[in-house]
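These protein sequence lines are chains F and H, in that order. Note that this note's numbering gives residue 904 to position 870 of the first sequence, counting from 1, and the numbers run on in steps of one. Note that this note's numbering gives residue 199 to position 148 of the second sequence, counting from 1, and the numbers run on in steps of one.
Keep in mind the hints are simulated off the structure, nothing from the lab. Watch out, some of these pointers could steer you wrong.
[As the list claims (entries may be wrong)] In silico lysine-lysine, DSS-like type, Cα no more than 27 Å apart, as pairs:
no., chain 1, residue 1, chain 2, residue 2
1, F, Lys116, H, Lys115
2, H, Lys203, H, Lys190
3, F, Lys850, F, Lys926
4, F, Lys116, H, Lys190
5, F, Lys942, F, Lys769
6, H, Lys115, H, Lys391
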Amino acid sequence: MYSLERLPSSKERRQKQRTVVPSFNADEELSLLLKSYKGNKIRTSKYSLLSFLPKNLFEQLHRAANVYFIFLTALNFVPVVKAFQPEIAVIPIILVLAGTAVKDIWEDYHRYTSDRSINRLPCHVYSSKQQAYIEQHWQDVRVGDFVCLSSNEIIPADMLLLYSSDQRGVCYIETANLDGETTLKQRQVVSDLPLQGAESPLESFHSRIECENPNNDLSRFRGYVEHPSGLRVGLHNNNLLLRSCTVRNTETVVGIVVYAGHETKAMMNNSGPRYKRSQLESHLNTVVLWCVLLLFIMCLTAAIGHGLWLQNLRDPVFKVDTETSPALAGFYVFWTMIIVLQVLIPISLYVSIEVVKLGQVYFIHNDLALYHQQLDSRVQCRALNITEDLGQIQYLFSDKTGTLTENKMVFRRCSIYGVEYPHEENARRLEVYEADRSEEGSGRSGTPQSGRSRSLSCRHSSVSPHTLTAEEDEEEKLTNHSQPSARAFCSRVAKEVLPDPELVRKLNWFLSPALALSDGSSGAPSSLELTYITDFFLALAICNSVVVSSASRPPHVVCEEQTPLKSLEEIKTMFQRLSFSPFSALSILSPPPIKASPHSLAHRMFAPSNSTTDESESSLEGTLGTSGLSPKPDLSSRAMEGNSAQTAGREVQDDDGARQDAEDLTREEDCKSEANEELLYEAESPDEAALVHAAQAYCCTLRGRSAESLTVDLPGIGSLSVPLLHILPFDSDRKKMSVVVRHPLTGQVVVYTKGADSAIMDLTGAPTGAAGAQEICTHIREQTQNHLDSYAREGLRTLCIAKKVLEEEEYQVWLKGQLRAESSIESREELLTESALRLESSLTLLGSTGIVDRLQEEVPETIEALQKAGIKVWVLTGDKKETAVNIAYACKLLGPNDQLLTASCGSKDACAALLLELQREVDRSGVPAAGSPERCGSGGGAGFILVINGRTLDWALQDDLKEDFLLLSCSCKALLCCRSSPLQKSQVVRLVRDQLAVMTLAVGDGANDVSMIQVADVGIGISGQEGMQAVMSSDFAISRFKHLRKLLLVHGHWCYARLANMILYFIYKNVMFVNLLFWYQFFCGFSGSVMTNAWVLILFNLLFTSVPPLLCGILDRHTAAHTLMQRPQLYSASKVSVPRMFWVTVLDAFYQSLVCFFVPYCACAGSSVSVLSFGSPINASALLIILLHQVIESPTLTWIHALVWLLSAASYFGFVLLLGLFCVTCSPPTNPLGAETLQMSEPPFYIICALTTVTALIPRLLFRALFNTLHPSPAVLKSAQTDREDSGNYWRKRQRWNQSRPKNRLPVCADNPGLEPCSDTVS
Amino acid sequence: MGKVKPGPLARRPDNSAFQQQRLPAWSPMLTANTVLPFFYFMALICMLLGVWLLLTVQSTEELKLDYTEAGTCNLCFEKRKNVSNAAQPCICTAVFNIKKAFKGDVFFYYGLINFHQNLRRYMDSRDDAQMVGRKNNLKSPSSYCMPFDKDKNGVPIAPCGAVANSIFNDSFTLSYMSSSGSVRVPLLRKGISWYTDKNIKYRNPSTENMTLPQVFEGTAPPLYWQKPVYDLDPLDKNNNGFINDDLIVWMREAAFPSFKKLYGVLHRANKPFINGLPAGNYSVEISYNFPVQYFRGRKEVVLTTLTWFGGQNHFLPIAYLVTSCLILLIAILLTVFWFKFGKNGQNMEE
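The following block holds chain H by itself, in its conformation from the complex (with noise of 0.2 Å):
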């Protein structure tokens, strides 16, 4: 209220639009006059982009190939029944057709269904600090692991947690059988993770002329693994430690219990897949690692072209077209309406 005035009427309040609240203002009388062209607009708007959309997902190509119990793999699929056959190799080939070419871009996921990635438990099992290459942390990892932050030596693991822990293992080699015999179809397996993750938020700790082994001395290996983490992909040696690709894909939980994740992209160097993928028959060979049964999931492969509004996803153009109708009928419903009873409705007067 401010300092006080001098003189006989101190104690007046100021004649302020604000204070005596008298603020203009405009005052949104939604009627059927004024919400009409709105819904007609709304309606359009959301038609257009329906169609739009809808032009848009027509265009791109999706595959998916559940091989859990595929061709071979059923045998892989039994044997991984049995916890004591887990360190043992099982590959397995699943076969698929592609009947119309994949143009363009062509994404290689793997996918899991039934897989809860989102568990309040699982999610939290993660060190982030010891990701981004804190040396106290690789050597106590933070309690957010436990119990998958020791081994049962005591030996701190590294990475710790339950989502590391729990890593897909399936690796695919993906083959096309043209006529001229099979063709290995190039995959890149790197350049797949954001590249926040592979630049800031996954780093390993610093080297000072060590190497990776050095630095991850004296920590294990998560439980279910089978190789260290410092080598995990033998072919680039800088794609070990924690900034593997593979790592870091997997280290972001998915929202939902069915998910995927991107395994490779095509290299579109040579033929005959300078374009994209060809029709034709194509197999695909899986060293089958990772058992599902236990959660009663599926694993699956998806090859799939993208757009510029994701992957071929026929919900949003539906959505929308289906959201324009009602809005059309509602618009149209009102109209009727007014036409009735507000028009001629002594209230309506302007």
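This is chain F alone, in the form it adopts within the complex (with noise of 0.2 Å):
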């Protein structure tokens, strides 16, 4: 135990890190130290019973709307302004507040059931006192206590790993509950411990664990253990199971909680759902600060009126109060009118907003036309609020990767030692699958390719109620386990590939006897060729961070029974008859004729290239030389190579030819059998994934993984056991990743390296060595490059594979630096970089691959349509620059005619002078040119297309060249960005943003394209193959580019009209009834009174007229979704502005509202009539006319709208007469009984009505009926006339389904044929 000298005061401590201790420890002071920790119980509700009531309302106040309504109740309460008896006043905000309440109460239960029922999971806590783990809900777990866990168990708190049942000390999470994504993460156990291997010794763990403070960095942690003895062991993510994970494929667990309940990863990562802005939203309040000055003029006009009409006055007997000087009645007044006015400020407008994206929000998500039937996955909306800002996009920046491809990779043709592989039949074999998958898409057979549905919790609590059913789903998914379910990355394209003739040729010469009588002249790959064949693939099948499992055997099992090597006598027998003929023949050029044995057999294979090429490397070199071989096989020799080649082996081996071929036959079926033993792999990318299979198809097979050594296959060889020493992940910003490893047959440490090629291609130096080694390297270098430009071009991906063979001393300095950067708390991850820097340098180059990443499908169509929308669809990728343009030209991004601008140079000024020189092109083309960035939105030359590399955009993204690069950029038709990092994505996106005052939409599918996602005004995540980072952070999750055009051309478009026509017509309502009051101003003295009833008057936009609007934003359809998909130039051509026709609004309302008060005026004046007698017709009308408006202006009339305007009609229809009825004492002043019921009994009451509601339409009717018949744009005529074809349609087919259904049960898909018919399809 640690005296108390050593620990600082806690306090102290507690600043910087926090120290856990196990719980049962003596010490008092430890003890307390734990105590202070917070416990597992998590707590996500907000309320408890009794704060409830105080919480919400203050939480509720402290949204401006409802200080509004605050304020005005308030001012109702002061006698000298009070408008209408109070208790009327506090309806509308006791109905707001109640309405949040309830929903919150709602709301807050949900998450108190949830916490409550996550609170009580069991899980077992090792007990001091029983010496056992016994059985404890979660929330009693501590910091410090020892939880074990078995496989499929959820992880109750932040835990160390300290003990696994794997004997590697490995456990394996899956972090589905957490960042969606379904494959396995590997956990270590903490390095050095005793606890690993032994049965219970916990009792005597009396470490101390130092770590940070707890903080939400999922992918960070960091800290030591301080072992009794004064050892400290460094700590990291690896070591640590995150609350809410699950326990996979690991029997029992063992773990020491470091953080618990609200301080644990998972929990300090929620964070409530996006709220953004939309720019409606932001039209909106400029259109409320008219509504208050309009509100501040009317109620001052009747404030001075006031004032100027008491002063007229003597005495009167009506005068109720005599004593208050005009002025100050005016003042009075003023308030009494904002309170009688209130409704002029749309503030429940924001509540109808909410609900109108709601309603929204469910239609997009409902619908059919973005939903995958492969993922089975619909639209998610995970932003709620910004639904009409789809209809506004004008700048569309979209990743390539797996957004406009599939992200499926795979392995398309290889180049290894300078020399081509074109895999002809590969690329035979994916034609013939994309003609497959065209019939498939087309055809039914549509079933899903993942047995396991992925799907998001987008709950607030960690652990959502997804993981409670997923727990009782267990048994289903460890049945699915078994299966070999077909993994997203290990589609039957990717998995098979078809290895190349020539290839295969090659590696057989190795081991086949053949090799023996072929001389080098006769064009068999020379033995350095073939060690970086093997070299080549052995890099394929290891450098990546794929985990393996098999149907058969879960993942941490694969390999561990099975002898990694095979028996050295195997080794032997085999090597003899190896060395019968092929080290014969490759004796005579290496002159130490070497001995028999393994290591010597793997020299040969694996001959060190770099820095420790012996003499026969050297010398072999030198023989190729002298003979005269040319060391630079090209690819037009290729083929007259292999064929000579293998005439020349068939001539020779008479004798052997027949065994030779049988052996083919024999090892290509071994080949085959263990291929069908189905390993699965789980690759964090799907490159890795395409490579591993690619290495299987050359039989060179990863069959197993474990922290300390992979299992690989090795043709002819068999089972090897490669000792791994490190793993360098793969980042972005190195863009490469490594392994090192010792050589299984060498014995030396080898690095692995592979990476973009930009990034390997400059590291890989000339070797310092022998002249002609070097040669061949410069040689292969080009060669490779060549390759690789043509890979691009004809838009693959490209990889490079290099290796470093490392001296054992330069590895140990190297692993003093990573291991003091691994254990560093501060810096580790600048430290690991450069020390990662450190190893990747120097390395030789082995070769290349090309990856196929297929487009999605109607990605060009999407594209064109989007275009034709007036939106400008820029790429922004990390591919290079040749992938980047055939990408575009396969889109339809680029036409044939379009003129490429390449923007790409080394330095700053460089830079500029290059911006102005492409714009004076452009300009000379005679296009007209962007004056400046303001126009950028409406001209656009068409034809160029700029494309522009990573390095550049870094110098045209700083401050003094943005400007002019942004026009140029705006002045091209579309834009391309390769090789470009993350960061620089969201630069650009942020500068088109900022700078053009422009609506962006960014999508993409994988990490790199976060904060892309985030900084665009709209952020769509693809949920493709990448995990779900991407969709975490979006505001909309598609699973297929091809959605954005429904999304955008139809739901934007409607969405942003909608909402744009309600927001109008909400303001026309409101301004419409509330002149009304104003206008009885000038007969009242402008004393503010009113000639409604009070309560009428709060429900008549409360409730009478409240859901009409909500109607407008949610069900109208202004254009049919066919015509907008069709023509998608009236994305955006017919827009509604909302400032401007704010006022034609306003004006129409005025005119209504001056009809419907003036008509009755003169039918009533000077008769008897009463003042309450004078508003029913008033009312009655403003609401027929309000109601008929809406008629008139909406584009669509369905059942739901002909109920909803019957409903608010008969609503206050009926409650004016019930309060008539019955209304004695009810509403003091205005008690309405008997007013409403004599009038509507009287003819008047009907004629003036009549007249009130004609008058006040005839104009908005003749606008519209002027408007279409002399603007009918063709679309909306169309659309008319197809959407009643379409509901004909539609009928008529329902009425055929009805009348044949019980004949023959023949199941018809009315509508829509592209989907495969179900039982229940029209429903």
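Mind assembling these two chains? They're in different frames, but the hints should get you there.
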């Protein structure tokens, strides 16, 4: 135990880091310290029974709208200004508050129950009293407890992994609850612990854990364990089991809790739903400000009017308050009027908008066209309040990989040792598959590929109900797991790579006796080339982070049972077989004939080419040189070589021929049968899986992976265990990953690196060594570069594979640095990167791969449609320029006539000059150049495509150049950014968004798109192959790029039009009604009295006419869906401009209210009409006008519209009639008893209402008719027509379906032929 | 969204017309084509209605007599200018002539001009609970009545409030000057209020064998009243207290500052009034109490006959006729317009 002196005071300690010791320790102070950490009980519910009322009220009062209501209500309690009796004035605020409160209670109750069920979950916690694991609830787990978990259990708190039943000390967790990724992650037991292996030595665990204070970084954990001996062991993220993940494939796991409850990383990562302010909402705010101004003017008019009116009076009997001076009375009236006219400020509009958006989201969510069958996923609307922004997009930024393309990587071709292997068969196979797939698509055979549906939990609490249900489904999942579930990465097409015959031949050469008889001049591959080839495939197989599992065995057991190495005997015999011929053949070339030993064989196979070039190597090259064999085999000669080699082989190996053939066959079968064992690869990126599969096709199979070693099958050798020393994982800055292994045969430390060609090519420095080797290397580099370029032109993704052999001392030096980096708590990331850079230098290039990534379906059509819709599509990708351009051609972003402008330069000055020059070029072409960035949106020179690479982009994004850059990019049709980093992507989006003040949309699927998605006004995530990070940060998540078309063109258009019209209608309604009250002020001495019962007045907007605007916002279809799809031009055209239409609307409202007030006034003037009797026809006709106004304005009327209008009218008339019958003293000064009933029983009421309604609506009707006659946009006409036809068809079909059903039960999918009919299509 | 469906397509949205936004809908395409018939139709309807209303209104008769300073009333008008004379009675007479006989029921109104019964504070100054006969409110009127809820001595006022306080207290006697001398025109002074008011909204506090004065004991009449509320109608005991017809009529506040209120209906029992008011000279004797000069108001007497849609008001028929003409004009213009643009415009093809 520790003496207290060694510990800083607990207070001080807590500020910096947290100390965790086992909970059963004896130390008082430490126990107190542990107690001070939060327990594992979570409470995501906000309220308790007692605190609900004050807390909820307090929270609600933070909203401006509610403050306004409260202010009005409070105002109404001031006697001199009160307009209604207080109990009526509080109705709006009570309704709003109560509604929100009920919603809050409901939500909170759900949170409470889910919290409770989570807190009550059982788990096994070690009890020192009973010396055993006892079952406890999650909520009782405390920091410092030991928790024992078995497979498929959910982790209750953030724990440090101390023990795993797995012998290698690893455990697998699934983080689906955290980030939606279903791939397994490996976690490692804290190294150097005595615990591992022993049964229950927990009592002896007296180490102290020092770690960071709780934070929300899921990918970072720093700290160290200090053993009683004083030894410190670094801790990192790999040792941490995160709360709400699931333990998989590991029987037992023990960990010590370091963070519990709300301090766990999962809980700290919980942020509420995204809130973005939509552009329309900011327009709305200006509109509301105008309304405020209007209100102010009206109230001021009344105030001044009242003051003047009072001044002209002496002491009439009707003046109640005789003392107040006219000015003061006017002041009072001002406030009274604010209460009376309060509805002018459309506060309830905000509530209505929220409701409307929910409705819009519901429809988007339910759209069949946005449903993807294969993944069984719908579109997800994660941000609820920016639906209408979808309708205003001007710039679209798209990622390439996984967004435009499938991100289903398929190995297509490769180049090794400067020789290109085109894999023709493979190409053919891919084409066939494509055809297959398209048939599949049109046919009905769409069955979902993945057995397990991906799902996302959008809940607040970290362990969502989802988890709980997941547990219920556990059994199902388990059975699923044992079946070969076709993972997305392991689709059939990706797995079955057809090897290139030439490459196979070369590989066989090495193994078959035929090699013995072929001499170097006949075109047989040189041993150096063979070395490259084997190294290449070994690198493909092991340089990755792929987790292997097989159908029969869970991942962690794979290969553990088999001996990693074939017995020495076997190797020997094999070698003897080989040594017959191949090495005699080789030994011709290599002077010192090597005695048979596996080591020397390996030496041959994996001849160190770099620093350890030995004599045999150099002499070999020498011989190669002298023998006249061109060490630069090129494409054209290769086929010939192959032929000649074959013939040569056949000639010489008469007797061996048959045997070799047979062996070939069996070997191939071997390979096949092994492959048939169904190894399942789970990779972090699809590229890796594709490469591993490719290696497998060449019988270089990755069989298993553990923390310390990898098991690899090599052709001819069998299983080898490759001790794994380090993995330097991929990161997007380095753009490469490396593994450090001890070579199984040579025993050397070898680094295999794979990465982007730009990253690797620069590092493959000229090797220090023989001139010949250097020459070969440069040659390989040149050739490979050529191949890379041609791959990129084909649109393939390229990767380079390189290796490096480390001297032992060299390795030790590096290792020290690496370990120091790993164990440091501060600036660990930087140190690690530095260390990696140190390692990945002066590499030897082995070859490159080309991976094909097909375009998603309907991408060209979608992009074309979007461009027609006036949306500028920019592609930002991390790929090479050539790949990007190729894809751009493929997806019709680039037309055949378009001119490419390439911006690529090395310095800032050059960049500035280049931008100017390109601008000049654009100007020269006669395309009207955009004079200033403001004009960008309109013009846009068609035909120019700017291609810019990452480095140039860096310059261009700097402050002094960005203007030029924007100017140039604006005058181009599209922009391609290649080789751009995630940061650059977001910078570009931000630049465009801020400088051009346009609506931007970013779409992407991977983690590298997250920043871009977050910056853009609308972020769209594609739930693709690369986990869920993009989706988690997006506003909308779709599953295919083509869904954008309908999402934007139809839903976006609709949502915007609906919302804009709803806002206008809402304001119209308010202004119209409020003005009626205002006009009355001219007849009542501006005293603020109203001609209506207060209840009716308050409820008129709150109840009777509150639903019709919602209809407008949810159901209206201004143009038919297919018209919008067919005519993307409509997207940017025919937009409602809210600020401009606002005044038209307000004017119309003024006119209508004038009519609605003065017709009844003139009809009643001078008669004995009472106040309430006068208000009755006014209200009734106002209601009729407001409803009929919507009938005129509505583009589509459905039965729901009719129903709502009927109900609105019925509720009004029902209410006033009931009030008129029963309200004797219910509403003190204005009891409407008898007034309404009497009014409605007399004809003048109806005569007045009819005249008012007709007169008020005539202008609007005339305007509409004129407008539609003059501007009958064909789309509108057509849509109307087709819409009618549509619904007609629908009904007809439905009828037919109904008739046919009882007879033959033939399912007829009435209107979605693309979809497979199911039994309940029309329901 | 209901329950989760089993099966591989569990998340597939329902293919229902509602969810797919394919609800059969009627799109009212408001073009000249569709609107024109409607316009013509509306014009016709309005025209017919207008003519009918005009004919109806033509059959009504109305007579207004401003008596503020008419005849001998100018004396009383001057007298009322002085507040100190408020309690002194003043009776004057005004004369007028009816040229054409009023046929049918004739209604006698008093009218006030520029009297704002619709002021917010004024309107609120009443206690309906007191008027409906609640005992509590009788003795402690609601705060709405302030400052007319209690008199100087703190005695509750019944009926309280400014409305009741300012009741119109002129009374009229109408006489017909026939050849055979002056005949008093009989007016029905009861049944002039709404049925619901008289029977539901206004009730006297339950009497329980007490006389009305006993019931109202402990209350004071409103400030300006000369008579207590239980003694408003000395002729009919049942027309006293809160259910007095004049009080009820007054308590229903008029919508505009110029209004008329029903005073009586011609009793058509005896000659010569069986068919209404015959033509000839009439005089009206006024007990002139209500001061109007403070608000520059006028007082008048209105005699009128009514039709099914109210008194003599030419606005509605004329408005209908004007509207009809307007719609017709618009329709014709639109037709011309349609012939010019719409018809040969290729857009209008069906």
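Tested hints:
1. Lys116/F - Lys115/H: violated (38 Å)
2. Lys203/H - Lys190/H: Roughly 15 Å separates the two Cα atoms, so the pair holds.
3. Lys850/F - Lys926/F: This hinted pair is violated, its Cα atoms lying about 52 Å apart.
4. Lys116/F - Lys190/H: holds (25 Å)
5. Lys942/F - Lys769/F: holds (24 Å)
6. Lys115/H - Lys391/H: violated (54 Å)
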